[in-house]
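Trainee: Each chain, letter by letter, is given below.
There are 2 protein chains.
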Amino acid sequence: MARSPTIDYHLSDRDANVHVGVWDNSLEPVLTVEPGEVVRFECRDAANGALDVQSTLDNVLKKPSNGHPLTGPVRIEGASPGDVLTVDLLSFQHKGFGTTYFYPGERDAGLLPMDFDTGGLHVWDLEGDVGRFVDGIEVPLDPFPGVIGVAPATPGEHSTIPPRRVGGNLDVKHLTAGSTAYLPVEVDGALFSIGDCHGAQGDGEVCVTGIEAPMWVTVKFDVISDRDLSAPQFSTTGPYSPFAADEPMYATTGIADELMVATREAVRAMIVHLTDRHGLSRAEAYMLCSVAVDLKINQVVDAPNWTVGAYLPERIFPDVD
Amino acid sequence: MARSPTIDYHLSDRDANVHVGVWDNSLEPVLTVEPGEVVRFECRDAANGALDVQSTLDNVLKKPSNGHPLTGPVRIEGASPGDVLTVDLLSFQHKGFGTTYFYPGERDAGLLPMDFDTGGLHVWDLEGDVGRFVDGIEVPLDPFPGVIGVAPATPGEHSTIPPRRVGGNLDVKHLTAGSTAYLPVEVDGALFSIGDCHGAQGDGEVCVTGIEAPMWVTVKFDVISDRDLSAPQFSTTGPYSPFAADEPMYATTGIADELMVATREAVRAMIVHLTDRHGLSRAEAYMLCSVAVDLKINQVVDAPNWTVGAYLPERIFPDVD
Numbered sequence: 001m002a003r004s005p006t007i008d009y010h011l012s013d014r015d016a017n018v019h020v021g022v023w024d025n026s027l028e029p030v031l032t033v034e035p036g037e038v039v040r041f042e043c044r045d046a047a048n049g050a051l052d053v054q055s056t057l058d059n060v061l062k063k064p065s066n067g068h069p070l071t072g073p074v075r076i077e078g079a080s081p082g083d084v085l086t087v088d089l090l091s092f093q094h095k096g097f098g099t100t101y102f103y104p105g106e107r108d109a110g111l112l113p114m115d116f117d118t119g120g121l122h123v124w125d126l127e128g129d130v131g132r133f134v135d136g137i138e139v140p141l142d143p144f145p146g147v148i149g150v151a152p153a154t155p156g157e158h159s160t161i162p163p164r165r166v167g168g169n170l171d172v173k174h175l176t177a178g179s180t181a182y183l184p185v186e187v188d189g190a191l192f193s194i195g196d197c198h199g200a201q202g203d204g205e206v207c208v209t210g211i212e213a214p215m216w217v218t219v220k221f222d223v224i225s226d227r228d229l230s231a232p233q234f235s236t237t238g239p240y241s242p243f244a245a246d247e248p249m250y251a252t253t254g255i256a257d258e259l260m261v262a263t264r265e266a267v268r269a270m271i272v273h274l275t276d277r278h279g280l281s282r283a284e285a286y287m288l289c290s291v292a293v294d295l296k297i298n299q300v301v302d303a304p305n306w307t308v309g310a311y312l313p314e315r316i317f318p319d320v321d
Numbered sequence: 001m002a003r004s005p006t007i008d009y010h011l012s013d014r015d016a017n018v019h020v021g022v023w024d025n026s027l028e029p030v031l032t033v034e035p036g037e038v039v040r041f042e043c044r045d046a047a048n049g050a051l052d053v054q055s056t057l058d059n060v061l062k063k064p065s066n067g068h069p070l071t072g073p074v075r076i077e078g079a080s081p082g083d084v085l086t087v088d089l090l091s092f093q094h095k096g097f098g099t100t101y102f103y104p105g106e107r108d109a110g111l112l113p114m115d116f117d118t119g120g121l122h123v124w125d126l127e128g129d130v131g132r133f134v135d136g137i138e139v140p141l142d143p144f145p146g147v148i149g150v151a152p153a154t155p156g157e158h159s160t161i162p163p164r165r166v167g168g169n170l171d172v173k174h175l176t177a178g179s180t181a182y183l184p185v186e187v188d189g190a191l192f193s194i195g196d197c198h199g200a201q202g203d204g205e206v207c208v209t210g211i212e213a214p215m216w217v218t219v220k221f222d223v224i225s226d227r228d229l230s231a232p233q234f235s236t237t238g239p240y241s242p243f244a245a246d247e248p249m250y251a252t253t254g255i256a257d258e259l260m261v262a263t264r265e266a267v268r269a270m271i272v273h274l275t276d277r278h279g280l281s282r283a284e285a286y287m288l289c290s291v292a293v294d295l296k297i298n299q300v301v302d303a304p305n306w307t308v309g310a311y312l313p314e315r316i317f318p319d320v321d
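Quick mapping for you: the protein sequence lines, in order, are chains U and B.
Read in order, the letters of the first sequence correspond to residues 1 to 321 in the working numbering.
Read in order, the letters of the second sequence correspond to residues 1 to 321 in the working numbering.
Check the hints yourself; a few may be wrong.
[To be verified] Covered by chain U, per the in silico footprint, the following chain B stretches (three or more residues, Cβ under 8 Å):
(1) 108-117
(2) 171-184
(3) 196-210
(4) 264-271
[Claimed, not checked] To spell it out: a stretch of chain U is covered by chain B in this simulated footprint if at least three of its residues, at any positions, have a beta carbon under 8 Å from a beta carbon of chain B; those stretches are:
(5) 165-172
(6) 298-304
Hints were generated in silico from the structure; no laboratory data involved.
Yeah, the Cβ is synthetic: ideal placement off N, Cα and C, and Gly gets one too.
Take the sequences, apply the hints, and build the full model.
Mentor: So this is what it looks like as structure tokens:
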């Protein structure tokens, strides 16, 4: 275990340090740092504090937030358009609980809104590295920021929902502690913000939420000038799978001439697998897919049909060692 | 290490045991087996023997084959439409060499035909569990059948190129030794065929070939009747990553409102990474992506932009431990 880094600055999640729902390069920096400095960010959850351990589906149906609350922006001295901001993700600390939820179909969010007339909610107890689902199912935690990015060059307000060239709502589950994100800088000082932390997420985040949780994130900034990136990149020490080693997986496939259709088919088959073989409700199955099932593009060249796989780590179930 | 299974039947790759380029439920079975029996198949490579260790790009440009040579079909007694054929993949043995190749853009094959005016070829020495690329790069082998399937119910000839509900050219890299494939049966006796073995492949198989290699494959058949599958499924003990454990990865992302576009962008960025940072030619980089870079759907819900990641295991390079 590496020693804890020296923290140069702390940023709380008080209103003055948080912007909600938009990227905007005219926002005043809440902090200015030098390259090499370390900041510990307090980040609200995606619901902006509207859900707690006693919340019910009714609270979800009121749609708890409109866009992500992000802590920042932080100005990094010396970062200029054309540079790359490197963000070393040093550590994460959750606060003991999290939520996974989805909306009824009419909200048109998530991968399968057409399949679900009602919404769903699971409130997770988070204890150390484990999140508790139903029926003894335990999902290993490996936290990361759903949203990590810098301000876009285009003036005005931009929704935090879609990711962009400068990052944002990437939802890359491998941006865990020990990883480094590389973000293309488009404005002076980069104007970095972070939030929407997930305790765990499957590749795809299919129901539209991971394990949404308020969290502390400690990062170190640097600036490099010899690289021209078309989109964010990152390095990671893994793990690729939740347990970081060989493990039994069960996988469904979707085969179709559009990747999105193949993805939907693979996830639908996994929902059937989870309900028929593991006794979950359909809503539970959808949420478990969103936090623990990984989507891979098995092949994208066997025209006209592509293969997408949905991978379930079987060790999350109590009856499997 | 498990003991070798008892082999009930051997099938050589002689012409009488091979059908090329088509699935057709009127093909006569070359063998009939009972559930529980084990067959060792000799499988030709995708080029149907047209390439060897002395082949050059000229041989590739003549397009070495039209569709996959498959060993089979094997009739499994008792398998009926509506059943599921289980295929335990027991072992694989290559024959010491393999090829990876792609065609010039006008052939319109692979993920990025528009980016490559010329084709490419790499002939691999296969030694035990390792395939040798250029510059000391070694790709770990974990063989699987690119094509594994049963005959479709629809009469007539069907190209082996696209995968279907009954399987076929799935190109799922995780169908390795120790895995089990579940295939929906559509005709009496299932009529199973197998071939197109790959020594290794990245998720995506982006240049259109993996490490194409003639190989022996040993499988055990069974039939189950209590499951209704919309597409093939499988269970696997991994590994998810080539080294089956935490390892350093470098990843590029593609962000776009179509998954195919995002996939192309991620792979293009990885090709730039491999040429700029590792000194490969563009053709080498494209082929290395096809055999060792994994594509994941990071998120498919942050409308209107999806995130696709391309993951490079850094341990394949000689300068990384």
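Trainee: Now tell me, hint by hint, if it's right for this structure.
Mentor: Taking the hints in turn, this is what the structure says about them:
With 3 residues bearing a CB less than 8 Å from a CB of chain U, the stretch 108-117 of chain B meets the requirement of three and the coverage assertion stands. For a cut-off of 8 Å, the count of residues in the stretch 171-184 of chain B with a CB near a CB of chain U stands at 4, and the three-residue condition holds. Proximity of the stretch 196-210 of chain B to chain U, defined as three or more residues with a beta carbon under 8 Å from a beta carbon of that chain, is established by the 6 residues found. For the stretch 264-271 of chain B, the assignment as covered by chain U holds, since 4 residues bring a beta-carbon within under 8 Å of that chain's beta-carbons and 3 suffice.
Restraint check on the stretch 165-172 of chain U versus chain B: 5 residues with Cβ-Cβ distances below 8 Å, three needed, restraint holds. Look at the stretch 298-304 of chain U against chain B: 7 of its residues bring a Cβ nearer than 8 Å to a Cβ of that chain, three or more, so the hint holds.
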